[in-house]
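In order, the protein sequence lines correspond to chains R and U.
Using numbering that gives the first Met the number 0, you'd call the opening residue of the first sequence number 0 and step up by one each time.
Using numbering that gives the first Met the number 0, you'd call the opening residue of the second sequence number 0 and step up by one each time.
Treat the hints loosely; a few may be bogus.
Below, in silico cross-link-like pairs of lysine-lysine (DSSO-like), each with a Cα-Cα straight-line distance of 27 Å or less [as the list claims (entries may be wrong)]: (1) U:Lys33 with U:Lys16; (2) R:Lys16 with U:Lys16; (3) R:Lys26 with R:Lys173; (4) U:Lys16 with R:Lys6; (5) R:Lys16 with U:Lys125; (6) R:Lys26 with R:Lys16; (7) R:Lys48 with R:Lys125; (8) U:Lys125 with R:Lys125; (9) R:Lys125 with U:Lys16; (10) R:Lys6 with U:Lys125; (11) U:Lys88 with U:Lys125; (12) R:Lys173 with U:Lys6; (13) U:Lys34 with U:Lys173; (14) U:Lys64 with R:Lys16; (15) U:Lys64 with U:Lys79; (16) R:Lys125 with U:Lys6; (17) R:Lys6 with U:Lys173; (18) R:Lys64 with U:Lys64; (19) R:Lys173 with R:Lys79; (20) U:Lys173 with U:Lys79; (21) U:Lys16 with U:Lys6; (22) U:Lys26 with U:Lys48; (23) R:Lys6 with U:Lys48; (24) R:Lys88 with R:Lys33; (25) R:Lys16 with R:Lys33; (26) U:Lys6 with R:Lys88; (27) U:Lys64 with U:Lys33.
Simulated from the structure, these hints should not be mistaken for laboratory data.
Protein chains: 2
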Amino acid sequence: MKDMLSKVIAFDMQTGKAPIEDAQPLKRNLSGLKKIFSDQDAAQMILSKDDPLVYEFYDLHMPEKEGDLAFGSSIVYPGKVGQEYYMTKGHFHTILDTAEVYYCLNGHGMMMMESPEGDVEYQEMKLGQAVYVPGRYAHRSINLSNTETLVTFFVFRADAGHNYGTVEERGFRKLVVADGDGYAVVDNPNWAGA
Amino acid sequence: MKDMLSKVIAFDMQTGKAPIEDAQPLKRNLSGLKKIFSDQDAAQMILSKDDPLVYEFYDLHMPEKEGDLAFGSSIVYPGKVGQEYYMTKGHFHTILDTAEVYYCLNGHGMMMMESPEGDVEYQEMKLGQAVYVPGRYAHRSINLSNTETLVTFFVFRADAGHNYGTVEERGFRKLVVADGDGYAVVDNPNWAGA
Numbered sequence: 000m001k002d003m004l005s006k007v008i009a010f011d012m013q014t015g016k017a018p019i020e021d022a023q024p025l026k027r028n029l030s031g032l033k034k035i036f037s038d039q040d041a042a043q044m045i046l047s048k049d050d051p052l053v054y055e056f057y058d059l060h061m062p063e064k065e066g067d068l069a070f071g072s073s074i075v076y077p078g079k080v081g082q083e084y085y086m087t088k089g090h091f092h093t094i095l096d097t098a099e100v101y102y103c104l105n106g107h108g109m110m111m112m113e114s115p116e117g118d119v120e121y122q123e124m125k126l127g128q129a130v131y132v133p134g135r136y137a138h139r140s141i142n143l144s145n146t147e148t149l150v151t152f153f154v155f156r157a158d159a160g161h162n163y164g165t166v167e168e169r170g171f172r173k174l175v176v177a178d179g180d181g182y183a184v185v186d187n188p189n190w191a192g193a
Numbered sequence: 000m001k002d003m004l005s006k007v008i009a010f011d012m013q014t015g016k017a018p019i020e021d022a023q024p025l026k027r028n029l030s031g032l033k034k035i036f037s038d039q040d041a042a043q044m045i046l047s048k049d050d051p052l053v054y055e056f057y058d059l060h061m062p063e064k065e066g067d068l069a070f071g072s073s074i075v076y077p078g079k080v081g082q083e084y085y086m087t088k089g090h091f092h093t094i095l096d097t098a099e100v101y102y103c104l105n106g107h108g109m110m111m112m113e114s115p116e117g118d119v120e121y122q123e124m125k126l127g128q129a130v131y132v133p134g135r136y137a138h139r140s141i142n143l144s145n146t147e148t149l150v151t152f153f154v155f156r157a158d159a160g161h162n163y164g165t166v167e168e169r170g171f172r173k174l175v176v177a178d179g180d181g182y183a184v185v186d187n188p189n190w191a192g193a
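Pulled out of the complex, with its shape left as it was, chain R reads as follows (with noise of 0.2 Å):
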């Protein structure tokens, strides 16, 4: 097979957005992303009357060969469920033991990350911001602004692989709420694990 070539990519430092010829968006609605909500009645309000993007990514769809890199966007709107931010479905990597890092590009918002023993670590970010996520943790980008899209620039190992259908089944140990001017983070009542 013919190796990679370079490639130059633009990702709009506002919007996170890359033109549809060199990345293909993927977009989650609500109505895709109900049950990772805690507060359902407010899911379902929501849903009554409107669909809402929740959050979007341009990814490359980079080979998935080890020692490659895949890059891309990540793009999470200002909004909320109940008292619960607007966020990502969160995933581990198939691959367990393989970081990322995030650079934020635009917002406010929290990477919150927890390990399968039950560890857990989060972190707010801002603009000019670099996270780095440990290998081992899943992780989930949370908007924490009412107003400002947060967006982040990521890279990780290209045969990471993703593992959304453990966070699926559990839910993440902690929620992020809106909690007076601030956040708080709480125990997730629903979660499921052992």
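Based on the hints, put chain U in the right spot on chain R.
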């Protein structure tokens, strides 16, 4: 060994600089880079008066562990030695077939790349553009602006390693030189490969 924990590091989006408690800057002045430039008389003339900082980078000294990622910022100042733009030494990865991703935060530059077999690729990079450097390619950042600093955020596999020696001995096959209002990519008359 305890797993690496998550972390957040700010890399200033204009200057590329990180707080010194988070990442040590490594500085490369012209005196230590003299032989990478083709016009040795011009280099000597500059050095007779001054020893300018050509580039620096902020690196986190991650453990060189497979599955892990190293990241940081690279800052190439505007300037020329003769007609040749300020640039980094350039390197192969010791694990040759490992990629690197750069995201351009400021300025206007070029990523010059070449494989051991002599395949040459180069890509201009500007604010908001991601550059993918495929595995097997030596790579060097070149600042094409006369006034602006070239700032990139980089990510590579933590165990990739850096082989500077091959490039130091041979040089790159191509040089990038000022040409009227723009630049030209020309053969390196001093290239010392087979």
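When the hints from earlier in the document are held up against this structure, which numbers fail? Going through the list in order, the structure violates hints 7, 14, 15, 23 and 27 and respects the others.
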